[in-house]
Amino acid sequence: MRHLPPVSRRRPAAAPLRALLAVAAGSLAALGGCGDDPRPVARGLSSPSDIRFEEVAERAGLRFRMAFLPGEQGEQFKINLYDHGCGVAVADVDRDGDDDVYFCNQLGRNALFLNDGHARFTDVTERAGVGLGDRICVGATFGDLDGDGHLDLFVTSTRGGNVLFRNRGDTTFEDVTARAGLALVGHAQQPACFDADGDGDLDLFVPCTAGWTTAERDPGDRYYTGVATIEAIWQSPLEHDRFYRNRGDGTFADVSVEAGFGATGWGSDPAVLDFDDDGDLDLYVVRMFGRSALYRNDGAGRFTDVTLATLGRTPGGGIGAKAFDADGDGRLDLYTVDMHSDMWMSPSFDPASQPESFRRPATLDPNRAPTPFAFVPAEIVNGNTLHAARPSGAFEDVSLVMGAETLWPWGVAAADFDADGFEDVFLPSGMGYPFAYWRSPLLRNASGLRFEDVTSSAGLDPPPGGVNLPEPIGGKPAPRSHRSAATADFDGDGRVDLVANPFNDRAFLYLNRSPPRPWVGFRLVDDGRVKEAVGAVVRVTVGRRTLVRQVHAAGGYLAQSSQVLHFGLGNATRIDRVEVRWPRGRTQVVIDVEPGRVHTLTPR
18 MRHLPPVSRR RPAAAPLRAL LAVAAGSLAA LGGCGDDPRP VARGLSSPSD IRFEEVAERA
78 GLRFRMAFLP GEQGEQFKIN LYDHGCGVAV ADVDRDGDDD VYFCNQLGRN ALFLNDGHAR
138 FTDVTERAGV GLGDRICVGA TFGDLDGDGH LDLFVTSTRG GNVLFRNRGD TTFEDVTARA
198 GLALVGHAQQ PACFDADGDG DLDLFVPCTA GWTTAERDPG DRYYTGVATI EAIWQSPLEH
258 DRFYRNRGDG TFADVSVEAG FGATGWGSDP AVLDFDDDGD LDLYVVRMFG RSALYRNDGA
318 GRFTDVTLAT LGRTPGGGIG AKAFDADGDG RLDLYTVDMH SDMWMSPSFD PASQPESFRR
378 PATLDPNRAP TPFAFVPAEI VNGNTLHAAR PSGAFEDVSL VMGAETLWPW GVAAADFDAD
438 GFEDVFLPSG MGYPFAYWRS PLLRNASGLR FEDVTSSAGL DPPPGGVNLP EPIGGKPAPR
498 SHRSAATADF DGDGRVDLVA NPFNDRAFLY LNRSPPRPWV GFRLVDDGRV KEAVGAVVRV
558 TVGRRTLVRQ VHAAGGYLAQ SSQVLHFGLG NATRIDRVEV RWPRGRTQVV IDVEPGRVHT
618 LTPR
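Heads up: the sequence shown begins at 18 in our numbering, then just goes up one per residue.
A few of these clues could be false.
Listed next, the in silico DMTMM-like pairs over lysine to aspartate or glutamate satisfying Cα-Cα at most 25 Å (straight line) [what the hints assert, rightly or not]:
1) Lys-95 with Glu-256
2) Lys-95 with Glu-488
3) Lys-95 with Asp-235
4) Lys-95 with Asp-151
5) Lys-95 with Glu-191
6) Lys-95 with Glu-248
7) Lys-493 with Asp-478
8) Lys-95 with Glu-233
9) Lys-493 with Glu-92
Quick caveat, the hints were computed from the structure, so don't treat them as lab data.
All values reported here derive from a predicted model rather than from experimental measurement.
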C-alpha cells in the first residue's frame, strides 16, 4: 500500500436518475461496473438475490433481552414514546481490532459484550460498570470525548438523566457526567459525537423530544409514567435539541442556542455528513412530528436550517435516517424513514393484506394525522423519503422510483451485504402488540436503480422462533417487532453482519452467510493531528466505478454501526485507487491496496 501526495478532490459526475433508468435494460457498463465484468440489469428486475443470514445470538453468547414497561405497553398500551424501544451501539471498546456491542434497556440493566473477533461474545457489564439498571435508557454512542485514545460511552435516558462514562483504558468506566457538564434530565434520543468546529475535539449533539411524561412515578419509583392519549402528546411542552461544545479539557459547554438549536422539539435521529462539500460537517436531524431539518455548518459550529432550499419536503413523522450512496453516483444521499405517519392506522389494520408495492399518498392527508403539530403540508410528505444528491448541491426525492417506501419503519441500517458494490438497507420495523405483525424488510440495492425486497429469501422473515413472542399478552399472540439495528463484520470474514435490539424481545445477531466476494475494509485512526475520523469519506476506484463510504457518527435510529468501512468489490480483484478525505478537507491518495483485508489508514 503506497500513499501519494495530497490532491484536490474531484467528485465523479452523476447521471440524473432518468438517465440511470434509461440504461436499466442494458448493461451495468453504462454506469461503470465493478472491475471489467459488468452485470446486465433488466428494468425492474435483477438476478436472484444470494444474500443469506443465519441468526446465532444465543450460541454466540449475545444473551440480552430488552424488557418493556408493563404499565406503559402490553395490556396497558398507551400512546407515548415508551413504545419506541431502545438502542444498540457497536464499537471496538477494548481496542483489540474487532467490534463489541452495547445494548440499552428499559426495565433492567443495559449490557456490554466484548467480541473475541470470531463473533463469540462475553458479557462484561458488571466489571465495566455501565449497566445503569436504575433508569429508562434510550440511545448510546461511543466516542473518544477526552482525546486519550479510548472510546468513552454516552447514554441518553427518558427523564432519568443522561450519563457520560469515561473509558479508563482497561475496559472499565467511570461516571464523569457532572464534572463534564453534561448532566441533563429530559426526554433525549440518539446522541452523536463529531467535530463541529474543527478544533480536533469531538463535540456532542443530543436530540430531544418533548415533556411527554407526567409528574407521577411508577410504583417501583423507577420512571415517570407516560401520557396515554394522542391529545396529551399534542400538549407536551417542546424540548430543544442540545449541542455541547468540547472545551478540550474534559468539560463541555452547552451552546445549543448559540449554535442554532434553541427552538424546535421532537428531535429523533441525527445524520452527520458534509452535504455541501465545503470541508466541515453538517447535520441532518429527523423530527417525529413536522418536517425534519438539514443544518449547514459555517465551519465554526454554528448551524443554519437550509432544509426547504436543499431537500424540499421531508417526512412528517420521521424517526430514523442514514446518509449513504444509494444510487451509486459517488454522492451521499439521505434516506429518512417515516413511522409516525403509519401509526395513525388502527391496530386492527393488517399490513399483510396489502400488496408488496404498498404506497401512501405523497402529501399529507390532514384527515389521517392530527393537526396541532404545526404541519405545513407544502413542507412534508406522508411516508419515507430517499433524497438523492445532485451536482447542483440540492437533492431530489426518488423514494417511489427507487422502491424505498415501506410500512411501519423505525430505522435504517445500510451496508453492502452481498458485496456487489451497492449498499443495501435493513429497516427495523413493526409495531408489536396490540398491532398486527409486520416484517423488518431487507432491501437489496439492484445496481443503484431500485431496491428489491429480499427479506424472506435472506432468512430474515419469518424471524427465528416465529412471528410472535413466546409468551402471549392478555391471552393474545404478541407480534415480534424490531426497533434498532447496527452493522459490523463481527466474525472477520469480510461479510457485513447485523445486530438488532428488538422490542420486548431477545437480541438478534444475524451473521452474513452470503457467498464470499472480493472486498476491502478500512479503519481510519488518529495520528495525533485528527482526534477522530468521524465524517471522513473514502472513495475506492475499481475499473470504471468509484465506491464511496463515510465514517459515520451514530445514526439510523437509536443505533451506532461499526466505523470500519467495508467495500464490496463485486467481481473486481484489483483496486486502482483509494482516496481519503479527512475532516476539514485534507485529502490523501493511496494505491497498491490489497483486497481481502482491513487496512489501517492515518492522515499523512
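Here is what the structure says about each hint:
no., hint, result
1, Lys-95 with Glu-256, "21 Å, holds"
2, Lys-95 with Glu-488, "20 Å, holds"
3, Lys-95 with Asp-235, "14 Å, holds"
4, Lys-95 with Asp-151, "22 Å, holds"
5, Lys-95 with Glu-191, "36 Å, violated"
6, Lys-95 with Glu-248, "12 Å, holds"
7, Lys-493 with Asp-478, "21 Å, holds"
8, Lys-95 with Glu-233, "15 Å, holds"
9, Lys-493 with Glu-92, "10 Å, holds"
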